[in-house]
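> One letter stands for each residue in the lines below.
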Amino acid sequence: MKDIPDNSCILNDNRYTVKFTLINTNTSIDLPLGLVKQFVLYDNLYSIFQTGKLIIDNSGSSLENFSSTEMNELREQINSVSYAFNSDNNDYLEVKIIPITPKGEDAVTFPPEIFNMHFVFSVYAEEEYTANKANDKTKVFYLRDGRAEKLLRSNIEWSTSLAVQRQIGHKINVSQVSNKLRSIHTGYALKHLIATALQNSYPVSFANDWDIGI
Amino acid sequence: MIDDIETILDKHISFNNLDNCVLRWNNKRSEWSLKSFTQMFDEVLNKEEKTFGSRVSDAFHLHGSSTLSKGGANLATKPLHEFSGNTILSQQLDGLTSYQFLNSANDDGVNSIISSIVHNYNYQDKQFDVECSDGYIDNVEQTFQEFYAGKMAGQDPTAIFPTNDDKKRNLIRKHVYTDAIMREERLRAGRNNVISRALALSPGMSFSSKGGTHRDAGDFVIISGEDANSGKRFAQVMYGEWLMTNVVHVFMFDREDYSNTITCIKPHTYGKV
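Chains as they are written, first to last, in the numbering used here: chain A, 1 to 214; chain B, 1 to 273.
Don't take each hint at face value.
Some, not all, of what chain B presents toward chain A, calculated at C-beta under 7 Å [said to hold, decoys possible]:
1. I2
2. K11
3. S14
4. V250
5. E256
6. Y258
7. N260
Straight-line distance between alpha carbons at most 27 Å, and here's what the computed DSSO-like set of lysine-lysine pairs gives [what the hints assert, rightly or not]:
8. A:K37 to A:K180
9. A:K103 to B:K210
10. A:K96 to B:K210
Hints listed in this document are in silico derivations from the structure and should not be mistaken for laboratory results.
Note that this is a predicted model, so its numbers are computed, not measured.
Glycine is no exception: its CB is placed at the ideal position from the N, C-alpha and C atoms.
The following block holds chain A by itself, in its conformation from the complex:
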């Protein structure tokens, strides 16, 4: 078992390791848990991906003013990083929520493939609400899976003949055969399309019991 990490918290008498990291091409900063009021995760069977919402206490524009500092052994500040929003249309939020025991992470009590939450969300919209008090503000980030974002943004050249070619190598010239020979099971088509679309951005892995379709 590992030790209890600094970024742990207690929710409903259970302890969790929680980490929110804002990432874009230039910077990544870990959000202090004190800033985060709520995180809501929506998981629907009829949606391919989960979506989410992060609600932050942004009183005094604390998020915009926040900077992550790095100290040396003498506690001298050697580096300070602040986050610049929407500099490249690529704002992402990495979320890790892992239940832990009082002694730390325990893969026997909480098998990671059942309990660990790890998401890379794209921040696709935000809202800010002011409260009655002068400086009290709440910011809401709307989140969708980074893979969904990639699939929404990108257009690629793809045909079932590419999947056929991948399956059988270059034994036939797919440009010279009938549509029937260029066709493929829908399950294989989905697999190939997803792999082709995401291969440069995310590791792509498929379940062993993947349904190939008719």
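The hints should help you fit chain B onto chain A, whose structure is shown.
Just chain B now, with coordinates in the frame of chain A:
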């Protein structure tokens, strides 16, 4: 790209059982899965070993749901007794005290769960096809029973599939056109479309509970309780295996609280009603 994926998914029919499939990104296993509903229902119970299967992720105990049944003070033993689902120990499960329960709506049944007659024109062979058999409401009901309800616990698990004389006599029906050439591909527009709607429009329940990161949409929860043995129609629906279709995880760090709001459906009763 996402539209292309969903378009192909709309045409997809399971190779193993000709059922509809669900495409999901599983963030915990970091893998994509494409699985039929039938396969998901297959994983709920290990009937030979008398254990719950890998699809069951949680169980709740319904406290004091109604007036005492004819079972009296006896502890309920049906429908999950052989799976140790309704035992004295099950009373120690997380309690389900407040929930919203909805039967399937009449309007949905009349508009969606009806015979579908599938039309097709094969341009190559210059041939029309009109298929009535696969989409006929009684046959769809039989398939629904075989795919989902028949796999569940109880002596005679029965599909909740609202039909009536008008439906059976095809006075209420719909016509659909598809460009699919093969008969199996045409099921998607007819029979499978009705099955999909019948499943989604099954009796539903929504409740909140203490949070757990292990809860995922697509898994099943078991509802047990003292009243399960009553033989009442409501008990036949309420107790047993529920498919979670929507799970909301709410982490409230400012209140040190974590809760789940779960919506689930149950397309069967554990005995004939």
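> Hint by hint, say whether it matches the structure.
We went through each hint and held it up to the structure:
no., hint, verdict
1, I2, "holds (4 Å)"
2, K11, "holds (6 Å)"
3, S14, "holds (5 Å)"
4, V250, "holds (5 Å)"
5, E256, "holds (6 Å)"
6, Y258, "holds (4 Å)"
7, N260, "violated (10 Å)"
8, A:K37 to A:K180, "violated (56 Å)"
9, A:K103 to B:K210, "holds (22 Å)"
10, A:K96 to B:K210, "holds (19 Å)"
Against the hints set out earlier in the document, violations occur for numbers 7, 8.
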